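Work from the hints to combine the two standalone chains into their complex.
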Amino acid sequence: MSESFINEAKQKFTTDLVFRAEDVPMRCDPPAEELEQTLHGLMQLNGYIIKSLEEIAGRGANAVTYRAGKKFGHEVAKYFEKKSDVEDALRELSYILHGQYTFEPWKPSDRDEYIVEENGSTFIYLVFHDCIVRQSCRRIGQEQGGPLCQTLCGYVVGAVEEITGRRGKLEIIHTGPNACLKKLILK
Amino acid sequence: MIEIRVDEEACNGCGLCVKDCPMGVFELKSSVSSPVHPENCMGCLSCHEICPAQALEHRGVVPCRRMYVSMKVCRMLNRVI
Ligand code: SF4
Ligand code: SF4
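Chains as they are written, first to last, in my numbering: chain D, 1 to 187; chain G, 188 to 268.
For reference, chain G alone in the conformation it holds in the complex (with noise of 0.2 Å):
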């Protein structure tokens, strides 16, 4: 089963992905994101992308093959980082 965690620090209580997942996986407690029915995630990761500051983690998501990152955009980051 995929485990989510919310970084507590992190979230600043915008609820987007409480209105982006379509499964209902996360409600706000104390205005911060609690995944209540992390059973229900299938792994789209569009909260990922609409959080803004990057607050979530999801633990045992099937990654799906990322053929639109380009190569060279790739080895230029890993030289940077």
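Only chain D is shown next, with the shape it has when bound in the complex (with noise of 0.2 Å):
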């Protein structure tokens, strides 16, 4: 007769190993291939989560999940230099964001400069091409520029204005399945 499953997987998670309370891992494990489970799994976790929140909440989902990615931005932002700059302020930004979401200043052809001064505001396009929330919306056929986008905008909006002490917007001009396109205004 074969084992119970309690025996079998008592038996798989049995293991001899001594762990101290010093002990640092050294290395990210188990390897890539993997991670892909784990990364697949947040994925949707995260797109559920939203897509649920937005069943809830409706169109207010939007201005919640901003406000949260908002905090989050000044959170994260909070220990990096200050700079009023907006050149230096992006190059800054692009650190913080780097190996999740990757993005270049954009201008139509026909505009001489990438950052706009009007008004007494600054603004500039970014095309945003590595994008962790795309991934997760593509992920559960979720479409683009909804309140998971919005956690995305809050973030970099929190974390320019903690950067430059500038009240800042993100607004998303044009999703697309490799770049999106967004216009900072800074105010």
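Keep in mind the hints are simulated off the structure, nothing from the lab.
One or more of the hints may lead you astray.
[Claimed, not checked] Far from chain D, some chain G residues (derived; all Cβ distances over 12 Å): (1) Glu190; (2) Glu196; (3) Cys201; (4) Gly202; (5) Val205; (6) Glu214; (7) Ser221; (8) Leu232; (9) Met263.
[Said to hold, decoys possible] Calculated cross-link-like contacts (lysine-lysine; reagent style DSS-like; alpha-carbon spacing at most 25 Å): (10) D:Lys51 x D:Lys169; (11) D:Lys71 x D:Lys82; (12) D:Lys12 x D:Lys83; (13) G:Lys206 x D:Lys183; (14) D:Lys187 x D:Lys107; (15) D:Lys107 x G:Lys206.
In this text, all values refer to a predicted model and were calculated from it rather than measured experimentally.
Where a beta carbon is used, it is the ideal one built from N, C-alpha and C, also for glycine.
Structure, rendered in structure tokens:
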């Protein structure tokens, strides 16, 4: 007769490894191939939580996730050097977002400058290439531009506000499977 | 710069790419899409997703990391293809 499931499970989760309080893991374990499941699980978890939030809170979900992202952005950027120059602030921002989001400044060909000063505010277009939020939306077949994307908008705005000391806004202009265009406005 | 090609045989002139592109890259000329402003393309590839004829080709686009694609599915597809 085959072993009971409980016995099997107990055997699987039994080792003779010794862990001491001072032991610090020296490498990321398991290898990338096995991490895929975890990554996908996280993407699904995030995606479905936000999807459920949207179903519960309706259009209000965007405001909630934006505020949550913004708070997180302020927290993360709190220890970063303060910069008043927009280009320096963007460089700082790319450090913060490194590995999760990559972006580049963008302008249509008929415009001379990337950074535009207009009526006391400054704006710049940013093309987001890598984006874990986009990946999560696509993982669960959710449309882009909704509350999960608003978390990222809030996150970026919070970080930029913290770095520059100016009030900011990030508008989603266009979304695509490979990149998204956003407009960063600083007041 | 990004280079865009439209397969004129495949394009059915529906104009979806013209409407979808936020940069006004395409125009319909004699019922075929034509990339009149490729210099304004930012490589989002939403036009690829919307084109029912799969008539578009972009060269020089920076590919983003596609983490949502499962390795298992890729392996299966590779075996089939
Ligand atoms: S990739 Fe985006 S910006 Fe470029 S032509 Fe297609 S829709 Fe327009
Ligand atoms: S979406 Fe495709 S089929 Fe329709 S006009 Fe554009 S290139 Fe042609």
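Are there hints from earlier that the structure breaks, and if so, what are their numbers? 8, 12
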